[in-house]
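Protein chains in written order, with the working numbering: chain A, 3 to 132; chain B, 3 to 132.
No wet-lab data here; the hints were simulated from the structure.
If chains are identical, the list can't say which one is meant, so a pair holds when it fits in one copy or spans any two.
SDA-like cross-link-like pairs, simulated, lysine to any residue; straight-line CA separation at most 20 Å:
#, residue 1, residue 2
1, Lys96, Glu42
2, Lys14, Cys67
3, Lys10, Asp66
4, Lys96, Leu38
5, Lys96, Ala72
6, Lys117, Pro20
7, Lys96, Gly73
8, Lys96, Pro71
9, Lys14, Gly29
10, Lys14, Val87
11, Lys96, Asp41
Note that the coordinates shown come from a computational prediction; the quantities given were computed from them, not determined experimentally.
Number of protein chains: 2
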Amino acid sequence: MPVIDPAKVPVKTGSIYPEPYAGMMKGRSSLRHWHLNEDEFVMVTEGECTLVQDAGETVMRPGDCAAFPAGSTDGHHFINRSDRVARFLVVGTKAPREVATYSDVDLRVEIEGGKARFTYRDGQDWTGPR
Amino acid sequence: MPVIDPAKVPVKTGSIYPEPYAGMMKGRSSLRHWHLNEDEFVMVTEGECTLVQDAGETVMRPGDCAAFPAGSTDGHHFINRSDRVARFLVVGTKAPREVATYSDVDLRVEIEGGKARFTYRDGQDWTGPR
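Looking at chain A on its own, in the form it has when it is part of the complex (with noise of 0.2 Å):
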């Protein structure tokens, strides 16, 4: 049957990320981004997960959605500032070439054939911080 058991599903943490940024992410949400050819969805489905945007921050709660779509350049991310557990579905389409450019750090990355390359916002190979 295609219905989801949670108990036999793969579960998948960590992220992709390159350290310093996969340690300060760990068990949290991403690093502000936006996707060049990516539409994303979100839907929150348990407590309370601030928006973080350029303008600022948005306070989503069960039933609220939020949609960026792809080349907006106004990053987002999520935020659990409560003391509950927060919780939210996330759909992204899956483009067969992806950049996406984090708002906060000189950081993006390119996926292509299932591999990513991190670069700095020149292009140039990311080797650490700067």
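Start from chain A and add chain B according to the hints.
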């Protein structure tokens, strides 16, 4: 802001089914069907939704999810057998060309370039229930 205001989003109701199916399904779920090219994902957000497939019925409640991979011929739809409101979120991929086949009636639909063509399962133009 990308947070979706339910008061401002376009509301779409009804279906593209030909009669008598449009009337039969009014205010309800879809005819039981499967997709050739599009994956489909469902999360129940309120009440109880009964998933119907070849093998029988499964009651799904808020947080329960189901996935219907493209090309899987085991048709599905949801029925609200309760006396309460039930809601679910549906996510689909946007295949350039799609064929949906209906499990319990002699009907299929080909969708391409925004146009829908209903046929019998043998591919002949649909002109009425048979």
